[in-house]
Each structure stands twice: as structure tokens, then as C-alpha cells.
Amino acid sequence: MSKKLTRSDVERIASLANLQLTKNEVSLFTEQLIQILQYAEKLQTVDTSSLSSSNSKKNITSELRPDKPNLSLDRKEALSGAPDASSDGFFRVPKVIDR
Amino acid sequence: MISGIDWSISQIRNAIGRGDVLARDVCETYLNRIQTVDKELNSFTTILRDQALTQAEEIDRNQDSWKTYPLCGVPITVKDVICTKDSTTSAGSRMLADYCPPYDATVIKLLRESGAVILGKTNCDEFAMGSSTEYSYHGPTQNPWKTTHIPGGSSGGAAAAVAARLAPVSIASDTGGSIRQPAAFCGVVGLKPTYGRVSRYGLLAFASSLDQIGPITLSVEDAAIVFQVISGFDPNDSTSSNQSPIDGSNLFPGHVDKMRIGVPWSVLEKGINPEVTEAFNKAIEILSEQGATIVDIELPYTEHAVPVYYLIATAEASSNLARYDGVRFGYRADLKGIDVNLETMYSRTRNHGFGDEVKRRIMLGTYALSAGYYDDYYAKAQKVRQLIRHEYNRVLSDVDTIAMPTTPTPAFQIGEHVDDPLSMYLGDIFTVSANLTGLPAISLPAGLTKEHLPIGFQLIGRPFDETTLFRVAHTFEMNTDWKSKRPPIFSEA
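Same order as they appear, the protein sequences are chains U and E.
Going left to right, the first sequence walks through residues 1 to 99 as the working numbering numbers them.
Going left to right, the second sequence walks through residues 1001 to 1493 as the working numbering numbers them.
Please note: incorrect hints may appear among the correct ones.
Among the chain U residues that face chain E by a calculated CB cut under 7 angstroms, a handful are [what the hints assert, rightly or not]:
#, residue
1, 26
2, 71
3, 89
4, 90
5, 91
Pairs of lysine to aspartate or glutamate residues, derived as EDC-like cross-links and limited to a Cα-Cα distance of at most 16 angstroms, are as follows [to be verified]:
#, chain 1, residue 1, chain 2, residue 2
6, U, 42, E, 1375
7, E, 1085, U, 74
8, E, 1258, E, 1398
Covered stretches of chain E, going by a simulated chain U footprint (3 or more residues, C-beta under 8 angstroms) [to be verified]:
#, region
9, 1175-1185
10, 1309-1322
11, 1360-1366
12, 1398-1410
Calculated from the structure, these hints are not laboratory results.
Quick caveat, the model's predicted, so the values are computed rather than measured.
The beta-carbon is built from N, C-alpha and C at its ideal position, and this holds for glycine as well.
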């Protein structure tokens, strides 16, 4: 089926996943992912023509809770784990818009 | 004081309830053992000495009202992927090394309300991704049976702690075997309940269609007690189920009368360590002697379960772990003196914050979901998952439970598979199907190799029929003496 994974594929995936990989990591992951995907190839031999891809869960009942407003974390708590929270109650990030 | 160190939940609860012993003393006994033994094992990431003693003292102060609760004064540990309010929940990752959640997971709330005392958080593979606990930011945990060997994973710390009697109960999570495999490798009991039985609110999500929380204990009876405390519908987890709870009043003694136990003999013909096969055959013989009918079943898709699992689990993980981006919680890469934009901050943070195995899985999952590859990988895996589910449903309409080894081999050496991810993944062949199907499964100690490494025996049941698992498992336990075997670490402690 699909052609063999290349270094440039790995670089493309890393950028999709927001991972800035080093050159060594790109080499290592290319090699390892090729190996894992080769192993996964055997799934292609399974006949699934009669099935849809949806993951229907017959055994599971999904219960929704009533849509009622409820107390949740207050601002201070919500910010408590942030690496850079401003004292006036915001998450601070590098500039998004050009100066 | 209770004598010995193999204390069961009911021994502890009753002794505290009768006033024979203080919850504080029980707590301190375990804390002191942890202090002595865990230097070598590294099964804990955080020891909550002060909080635990405060909790135990509160139980002693109001012993009269607490004594009716199912876990009155029972010390427990919690895997470091489950949120505990105001104490570190690191997920074994640099990304969350100092993260203190502002809330308790639902299971933690239920456990505290039942009188459980939390001794600390246990080590695991980063974000529960691994089968050896070697992929932890806190370093590997060692197997108490043989410290050159891994304890299994990802809940290696949880299983090692129970095996070393550092706590009678560990609470852990199982996405592809992460409770059952380390339980097998450490010679203790591990239960993965049915998908939907236990709320995952407050569990750091790895693969949401597979994750489940469950107990690791020294006995089947203890697993059943903890299971009953943590199971139930939770409005905060829309995948939790409103199925009625099991009837705990007449679970034990277990029996296997008129029960049909399926064994997929053809799957077990090759690729299994001979000592594991021998222990498995012996286990089947015992259940047969006790009156169970052993039925030869076919599970032809078993060989596909590992690739299906690794495509689906990594796809879900790539999405679930997108939230770790250096903004709302955890680590942010040091950007001082660099004029960076938001994207660079994200990608540097994620590259420095995650370890290799997590990055590898995010990459695999992102690829399986990406345009042009989705149909061949993710969609295909979902279809084969349906076939596996149909196959298990078909078999379980004829038999009450399915038996197979928990793992094809006993615990391996530290470092043996760490650089070869595929060989590590292949060891999950017997555990991943219960997650792909959502079925409940339990691993029991069923033997020791010549090297004195534990061997696990697994039972898989019908949806929401943990009762049958407990009964069959208890029957097996009562007719073997594996439960009483202790790791050699005791001669050193």
C-alpha cells in the first residue's frame, strides 16, 4: 500500500504535531516508525469490506448530564498550573500579532 | 497491632473499627516501610507523609463514624496520572513535573469518602505510555522480585508497591494492559473493569476509547472491595455508565460450578515462554478440577490486536496530548532572550517537555490520522477493531469467561527492550483486546519461574459482569498458594 515513510514525511508530521525535533530525532523516528508501520501492514490483509469505519459501541450507554449551570474552578485555581500567568488573571503567551 | 505485613483491607478496616489499632499507626507503619524499601525500588514519585498522617488522625478522631466505611483507614497509593488536589500529578513527565491539580479525580473523591488514606503517588511510564516503567522522567522502577528486572508498565510503581507491601492497594489505569501486565510481572492481582464502569474524570487522558481506572491488590477479595467503591455513574464523565452496581453481598466464596471457561488454544501454540505455558495449563487444570467446563474457542484476530491497538491508541493520544503546549499548565521551554513567536514556543515546549516514547507515539498517531493515510491506518484499524469486538461477543455468548496468559513472557531485564519499541509493543498481545472491546479483565498470580519471577493468569469477562470474574478468580486463588508468596526483597528489608 502506502510508500515507505521518508525523513521529509517525519519532518512534516512533526510540524503537524508541533514538535521541533532535532536531526538525530528525525533519523531515529524515521527508522523506528518505518519498522512499526511495516508491522501494521498486516492489517491490510484483513477483509473489512462489509464494515463501516465508525466505532459503534453497542455495549456502552452514553449518559448526558442535565445542562445546568454549576460552580467550576475559580480564576485563581484555573491559572494555578500555568507557567506564565499574569497578576491580573490571564494566561500570558508570546506575541501572536506582528508589531 | 495486626501481625505480619500481608494485611488485607478487611483486617485493617476491622482492626481500626474495633479500636485495636489507630489508623495513624497503620499509616505510619507503611510510611516507614516505604522509607526503607523504596530507595531501591523507586516505586513512588511523591510520598505524602504529612497529608496521609493528617487524614489518618482525622479518622482516629471520629473513629465511631468512620468505622462503618469500606476503606476505613486503609492506606492506598495513586498512579501519578490521576489528579490529586494540591499534590503533584506528574504523569512521569517533565511536562508536568511540578503540576499540582486544583481538583481531585472522581475516584480519589470516592476513595477519600470511603476512608482511604493516600500514602503517595506511584511511578509510571510517561503519560502511561510504555510496558516497563522505564519511560518515566523519574527513572525506572525496579521489580521487587528481582531488582535487575522491570516491574512492567505503565503502572509499574503501583504494582511494585503492592508486591513489596508498601501499601495494600494501588489505584492505577489500564489503556492496553497497564494494570494487568505489571500485576502479572509483580505477582499481584490487577483488575481492569468494564469500559464505563469507573469514571475517568481527573485521569490524564491517554486514549479515551480505551482508558480505564482499576485497583491493584494482594487478593481478589480486596480488588472487589475497591472496585465497588470506585465504580458508578459520574455526571462529569459522559462515558461512565449507569449500569447497576454488582451485588457485593454474596460474591465470595467464589465458585465455578456450571461455568464454561473458553481457552483460545490455537492462539497459545507459539510465541509463549514455556514456563508461562506450563503455569497456564496448570491453572486451567485447577479450574477444571473445581468443576468448570473448559471450552476450546477460536480468536483468529488476536494477531491483529497489537497493530490495531497501537494505531488507535496513538491516534487518540496525539489528539489528547495537544493540550500540553506550555500555556495552561506544566512546563514551558525557557525562551529568555529569544524573540520567539507562539508556534516556536509550542514546538520547543513540546520537544523539551516530552520524552522519546511519547513523541514517538504522537508522531505515529498524527501520521495515522493525517490526510492521505487516514483510510489505510486509522479507519482500517477501527474496522478491524469491530471484527475483534464481534469475535469476543460471539465467544462470550457461549462461555462465561475467557482465560489466557496475561503476558507471553515473565518480566524482562531493565534496558532489554528500551531501544526497540516494536519488541516492547509485541508483549501486549494478550492484554490489548480487553481494551479494544471494553471488556472487564483480571490478572492473577499463577506461578513463579525458575528464576523466581511471577507469572500472570488472565480472565476476560462479559460486559459489566465483573461478578463472574471475581468468582472464578477467587476459586483459583483459594486453590493455589501463589497469593502467599512474597518477593525476596523482604529478606533485605
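Results of checking the hints against the structure:
no.: 1; hint: 26; result: violated, 10 angstroms
no.: 2; hint: 71; result: violated, 12 angstroms
no.: 3; hint: 89; result: violated, 13 angstroms
no.: 4; hint: 90; result: violated, 11 angstroms
no.: 5; hint: 91; result: holds, 5 angstroms
no.: 6; hint: U:42 / E:1375; result: holds, 15 angstroms
no.: 7; hint: E:1085 / U:74; result: holds, 14 angstroms
no.: 8; hint: E:1258 / E:1398; result: holds, 12 angstroms
no.: 9; hint: 1175-1185; result: violated (count 0)
no.: 10; hint: 1309-1322; result: holds (count 4)
no.: 11; hint: 1360-1366; result: holds (count 5)
no.: 12; hint: 1398-1410; result: violated (count 0)
Checked against the numbered hints above, the structure violates hints 1, 2, 3, 4, 9 and 12; every other hint is satisfied.
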